[in-house]
Amino acid sequence: MSKVIGKRVTRVEDKRLLTGQGKYIDDIGTPPNTAHAAILRSPYPHAKIISIDYSEALKIPGVKGVVTGKDVQPLLNPFSVGVSAPVKYYPIAIDKVRYVGEPVAVVVAKNRYIAEDALEKIKVKYETLEPIVDIERALEEGAPILHENVGSNIANHRTFHYGDVDKAFQQADRIVKHRFHFPKYSATPVETYGIIAQYEESTDSYTIHANFHGPFVLHSIMAGALKVPSNRLRIIIPKDIGGSYGIKAGIFPYIVLCSVVSRLVGCPVKWIEDRQEHLAASSSCTDRVTYIEAAVRNDGKVLGLKMKIMDNVGAYIRAPEPACLYRNHANTTGAYDIPNLMLDAYAVMTNKLPTGLIRGYGGQETYFPLERIMQMIADELEMDPADVIRRNLIKKEQFPYKTASGGVYDSGDYEKAFDLLLKTGKYEEFRKKQIEARKKGKLLGVGLAVIVEPSGSNMGYITIALTPEERKAGLPKSGCTEAATISIDPMGNVNVRISTTPTGQGHETVASQIVSEILGIPHDKINVVAELDTATSAWSIASGSYSSRFASMGSSAVYYAAQKVKRKLIKIAAHLLQIDEDSLTIENGQIISKTDPSKSISIKRVAGSAHWNPLSLPEGMEPGIYETAYYTAQAEPPDDNDLINSSITYGFVADLVTVEIDPETGEIHILDYYTVHDAGKLLNPLIVDGQILGGLVHGLGGAMYEELVYDDKGQLLTGSFMDYLCPTATEIPRVTIKHIETPSPLTPLGAKGLGEGNTMSAPVVIANAVNDALKPYGVIIDSLPITPNKVWSMINQSTKQGVSS
Amino acid sequence: MSVHKIEVTINGKKYQEQVESRMLLSDFLRETCGLTGTHVGCEHGVCGACTIHLNGSAVRSCLIFAVQVDGQEITTVEGLAKDGELTPLQRNFIECHGLQCGFCTPGILMSTTDYLQKNPQPTLQEIKEMLSGHLCRCTGYEGIIKAIQKTVDENNHHYEAERR
Amino acid sequence: MNGSGKVILNAGIEKAWDVLLNPQALKNCIMGCTKLEPVEENKYEAVLSIGIAAVKGKYESTIEIADIQKPNHYKLIVKGEGGPGSVEATGAVDLVPIDENTTELNYTYDAEVGGKVAMVGQRMLNGVAKLIIQDFFKKFNKELAKSEQSV
Numbered sequence: 007m008s009k010v011i012g013k014r015v016t017r018v019e020d021k022r023l024l025t026g027q028g029k030y031i032d033d034i035g036t037p038p039n040t041a042h043a044a045i046l047r048s049p050y051p052h053a054k055i056i057s058i059d060y061s062e063a064l065k066i067p068g069v070k071g072v073v074t075g076k077d078v079q080p081l082l083n084p085f086s087v088g089v090s091a092p093v094k095y096y097p098i099a100i101d102k103v104r105y106v107g108e109p110v111a112v113v114v115a116k117n118r119y120i121a122e123d124a125l126e127k128i129k130v131k132y133e134t135l136e137p138i139v140d141i142e143r144a145l146e147e148g149a150p151i152l153h154e155n156v157g158s159n160i161a162n163h164r165t166f167h168y169g170d171v172d173k174a175f176q177q178a179d180r181i182v183k184h185r186f187h188f189p190k191y192s193a194t195p196v197e198t199y200g201i202i203a204q205y206e207e208s209t210d211s212y213t214i215h216a217n218f219h220g221p222f223v224l225h226s227i228m229a230g231a232l233k234v235p236s237n238r239l240r241i242i243i244p245k246d247i248g249g250s251y252g253i254k255a256g257i258f259p260y261i262v263l264c265s266v267v268s269r270l271v272g273c274p275v276k277w278i279e280d281r282q283e284h285l286a287a288s289s290s291c292t293d294r295v296t297y298i299e300a301a302v303r304n305d306g307k308v309l310g311l312k313m314k315i316m317d318n319v320g321a322y323i324r325a326p327e328p329a330c331l332y333r334n335h336a337n338t339t340g341a342y343d344i345p346n347l348m349l350d351a352y353a354v355m356t357n358k359l360p361t362g363l364i365r366g367y368g369g370q371e372t373y374f375p376l377e378r379i380m381q382m383i384a385d386e387l388e389m390d391p392a393d394v395i396r397r398n399l400i401k402k403e404q405f406p407y408k409t410a411s412g413g414v415y416d417s418g419d420y421e422k423a424f425d426l427l428l429k430t431g432k433y434e435e436f437r438k439k440q441i442e443a444r445k446k447g448k449l450l451g452v453g454l455a456v457i458v459e460p461s462g463s464n465m466g467y468i469t470i471a472l473t474p475e476e477r478k479a480g481l482p483k484s485g486c487t488e489a490a491t492i493s494i495d496p497m498g499n500v501n502v503r504i505s506t507t508p509t510g511q512g513h514e515t516v517a518s519q520i521v522s523e524i525l526g527i528p529h530d531k532i533n534v535v536a537e538l539d540t541a542t543s544a545w546s547i548a549s550g551s552y553s554s555r556f557a558s559m560g561s562s563a564v565y566y567a568a569q570k571v572k573r574k575l576i577k578i579a580a581h582l583l584q585i586d587e588d589s590l591t592i593e594n595g596q597i598i599s600k601t602d603p604s605k606s607i608s609i610k611r612v613a614g615s616a617h618w619n620p621l622s623l624p625e626g627m628e629p630g631i632y633e634t635a636y637y638t639a640q641a642e643p644p645d646d647n648d649l650i651n652s653s654i655t656y657g658f659v660a661d662l663v664t665v666e667i668d669p670e671t672g673e674i675h676i677l678d679y680y681t682v683h684d685a686g687k688l689l690n691p692l693i694v695d696g697q698i699l700g701g702l703v704h705g706l707g708g709a710m711y712e713e714l715v716y717d718d719k720g721q722l723l724t725g726s727f728m729d730y731l732c733p734t735a736t737e738i739p740r741v742t743i744k745h746i747e748t749p750s751p752l753t754p755l756g757a758k759g760l761g762e763g764n765t766m767s768a769p770v771v772i773a774n775a776v777n778d779a780l781k782p783y784g785v786i787i788d789s790l791p792i793t794p795n796k797v798w799s800m801i802n803q804s805t806k807q808g809v810s811s
Numbered sequence: 010m011s012v013h014k015i016e017v018t019i020n021g022k023k024y025q026e027q028v029e030s031r032m033l034l035s036d037f038l039r040e041t042c043g044l045t046g047t048h049v050g051c052e053h054g055v056c057g058a059c060t061i062h063l064n065g066s067a068v069r070s071c072l073i074f075a076v077q078v079d080g081q082e083i084t085t086v087e088g089l090a091k092d093g094e095l096t097p098l099q100r101n102f103i104e105c106h107g108l109q110c111g112f113c114t115p116g117i118l119m120s121t122t123d124y125l126q127k128n129p130q131p132t133l134q135e136i137k138e139m140l141s142g143h144l145c146r147c148t149g150y151e152g153i154i155k156a157i158q159k160t161v162d163e164n165n166h167h168y169e170a171e172r173r
Numbered sequence: 168m169n170g171s172g173k174v175i176l177n178a179g180i181e182k183a184w185d186v187l188l189n190p191q192a193l194k195n196c197i198m199g200c201t202k203l204e205p206v207e208e209n210k211y212e213a214v215l216s217i218g219i220a221a222v223k224g225k226y227e228s229t230i231e232i233a234d235i236q237k238p239n240h241y242k243l244i245v246k247g248e249g250g251p252g253s254v255e256a257t258g259a260v261d262l263v264p265i266d267e268n269t270t271e272l273n274y275t276y277d278a279e280v281g282g283k284v285a286m287v288g289q290r291m292l293n294g295v296a297k298l299i300i301q302d303f304f305k306k307f308n309k310e311l312a313k314s315e316q317s318v
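Residue numbers (my numbering), protein chains in the order written: chain A, 7 to 811; chain B, 10 to 173; chain C, 168 to 318.
Just chain A, same shape as in the assembly (with noise of 0.2 Å):
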């Protein structure tokens, strides 16, 4: 019976951050002799670097030195990528810098505002070449091009064919088809970038303190790039980390530079990114060109999809992309029972930021046409949209369901969450009311969107940018590995160490949940240690939070290194007592008989025994009380027919949104947003619930705000909060969560992940809500934000008629 896991228990860490004594990375002091990094970038999106003199820089008292590409080039290897296309990435711009904000040269100094004061110091002479940004253009014969020894803008390129496409098509009563555009958009943690790299000459190896998260098959990577063997580069993540959704994945890059700028200048080097910089040079998702097109009969059924994806992976393609392209390989036909399948993927390179993880990862511009395209299918055969999504959704009988690209849903029931979301948020009611609204010239709109959320990523799914050829050519790579370890030290008190290296999401609090149900312990007593360090934690290539994988993840490695140490706590009980190991239980801190409760050993006394009186154990066992459990779910790599299972488990979120549009100015108000999730079983539903609200909002704010601003010449425009627009609490609409829970099978707690579903459903939900408001006028909404101006041209240039007020 559960007795905490599945409680609203609240957080342990929150004591410590409220009373300002968190650990961070800029909070945990540094080793003697640190000096501090100020990195000079490039203003040009194109340009060929033809001599930089830095001679003036270190003439300032109190710089240690400065470091530009040229000194770096022989120290590192280019960072390995997973694709053919020979693109070589360094950390700092070698001989051409091709985004702007592209390193160009590292100053390290005894504070930051000197070092800050030397950059200026720096003359670089470029020779401006000509930019490309828009992702079609990229591809056009003439364009220029940024690698030219890959010769293309192409850095990956496959298509699949899933079913029969072709007979889908001819099957068909109509074709609904059209090209939808999502906007380049970061997710902006309040906390920056930070490192404190050390090179030891005696051992050549390096020492990194960094806000870096996983998945830390970098580490392989990084190690790579800085030619030293995998134990000479140890990484240490602090227990705080500022907020990422994934884009300080994108640190990479920055702990090679850091660490080889301190090999170079010959003292610890810390570093910790400016806003500007975060901005301009860390890490985004990328922007999107998707090509739907739907064959569809005229009940509403969809027979099969074809879509043309061109994503857009800024300067430089690197690790883990074209993950933006796969992520969601498996989940392509999202909620729908859709067997006929062409996928043609482009990863594109132009002179923008390169991208990386970010929260929804490949789920918001995936849903983003997909869920468009089925209100697109509504409109064209005169249907209610939610009656298309019924016609088409996965059913409850079908689980687990094979999707056409190789995933499998492992459990739900959309039906039932669909109708309890039209439920909820009053749908039939609303219709009428807006159709009220329209005859006294209102505008008012609903938006529906289903979606399904993948969680805890199949290693396996990247190599899915390879044919099978060129996979037939390398080691197969699956699974989704995760590990936990758990100790008793000799006074009875128990630590528990994570690999999940959490970023604000209560892991420390749901780790000690699960040891505290499984041990009988109160949670509070228990002391989850979130810091990881790759010399002396457990962990693996897919280590680290990202994937939304704490929850079917993380947790299950804690779930089974818990029951390893119940089971050995209870081996040695049984021996003690002298009685049978099956008739043992544990709880409240005792290790008791079932049937004789006079039988009892408190755990403080069976762990003192492993420590102090090693010889009164069981035969052949080994003293001391420290388990440590490996976790992986069946995760294989794609087959010959490049079928994948690119996740593990898969939740299902459905939204219903309604709108307002104010026809004089085009505001867009959100009159109440409402949300139903299905996530398996919830470890916390305090934790869970202010997940859902995170990945809202920042769904919300590609929706209407966020933007990477880039004009036609390469220049980012939009470089600091002035201009990238982050939601605010007066931003936030009403929102009403609900939740159903139908367990996952693969998972030892049921549980699903979260905590991006919001975020890939929030753009399109919305965008489908205004293009219903503005439907008198006949606009069909394809890019992002949605944003007054825009709402507000499209109403004055549209032909129709519109509402009369």
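Source of the hints: derived by calculation from the structure; they are not laboratory data. Virtual Cβ for every residue (Gly too), placed ideally from N, Cα, C. Certain hints may be false.
[Unchecked claim] Reference listing, derived: stretches of chain A covered by chain B, where coverage requires no fewer than 3 residues with Cβ under 8 Å from a Cβ of chain B: (1) 24-31; (2) 193-199; (3) 389-401; (4) 502-512.
[Unchecked claim] Looking from chain A toward chain B, a few residues come up when the C-beta cut is under 7 Å (computed): (5) S208; (6) G249; (7) R281; (8) P691; (9) L692; (10) L699; (11) G700; (12) S726.
Dock chains B and C against the given chain A, drawing on the hints supplied.
Then chains B and C, alone, in the frame of chain A:
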């Protein structure tokens, strides 16, 4: 760059330090005084993470120079809880899950504490407008708003109980 | 960013032309210009100190005068680079005589701004450009008056 001697009281303690004229107050608090509870998120006055109290009023420490606070009184987030006893606002942040990564939290606590002292009974819209000077990317703001509303409600009951 | 405009100069066309191409006069009129020295025929090296939003700094620039059709038309090509970013601007100037003491000057300009100043000061750029131009012509009319006196 000229260096100045300043004397400033922070959380009731006197600090006497030498600072360059251009040193930001946020850097002074964190690096010179070792009070790392105040966080830096943008250095251009938008995110609010650096908010502290200067002579009792909430201000952005990234937009002030250390020399400007010579002879003044500052309270940072470390100075809110007295003798390890959390304030009602801090306790309600725990109850209502008003923080996740915690990076924006100190600034929000400082702004809210100042605001509620001067406006003890704000409406929901007023709370949101007060918060609009702070960026939080984790919580979606709802937990924060709930924590503030709970604190306001508890204060109201407190006053009413005292009046009786 | 680009723009255009028209100004009345209080001098005849020949006089206006001469002062427009006088480097000392130009140095006095360009806001923030702390150095303007000829390096070649019709090419000058200049240092401009300008602040846009919070981004202040020095731009080491070259100013080239091209397409010279005395006294009616010339082009200005300005390339500047500094800590805050880079500017590349071309301007076309056309003079039309009104009477012996008045000339109409028509200008158009096209400017590419890059780097930090573009990232942070986008919304200010047009305003600052207008300000610099307005200030230039205000000071220029003063220069014209000064040179009138010295004759």
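Status of each hint after checking the structure:
1. Against chain B, the region 24-31 of chain A contributes 6 residues with a C-beta closer than 8 Å to a partner C-beta. That satisfies the three-residue criterion, and the hint holds.
2. With 6 residues bearing a CB less than 8 Å from a CB of chain B, the region 193-199 of chain A meets the requirement of three and the coverage assertion stands.
3. With a cut-off of 8 Å between beta carbons, the region 389-401 of chain A has 0 residues touching chain B; three or more are needed, and the interface restraint is violated.
4. For a cut-off of 8 Å, the count of residues in the region 502-512 of chain A with a CB near a CB of chain B stands at 4, and the three-residue condition holds.
5. Evaluation of the S208(A) hint against chain B yields a violated restraint, the C-beta minimum of about 30 Å exceeding 7 Å.
6. Annotation: interface hint on G249(A) holds; nearest CB of chain B at approximately 4 Å, less than 7 Å.
7. For R281(A), the shortest C-beta to C-beta distance to chain B is roughly 4 Å, which falls under 7 Å, so the interface hint holds.
8. Hint status for P691(A) relative to chain B: violated, with the closest Cβ pair at about 10 Å, above 7 Å.
9. With a cut of 7 Å, the hint placing L692(A) at the interface with chain B holds, because the nearest CB-to-CB distance is about 5 Å.
10. Checking L699(A) against chain B by beta carbon gives a least distance of about 3 Å; that is within 7 Å, so the hint holds.
11. Of the supplied interface hints, the one on G700(A) holds, with its beta-carbon coming within about 5 Å of a beta-carbon of chain B, less than 7 Å.
12. The interface hint given for S726(A) is met, as the beta carbon of that residue sits about 6 Å from the closest beta carbon of chain B, less than 7 Å.
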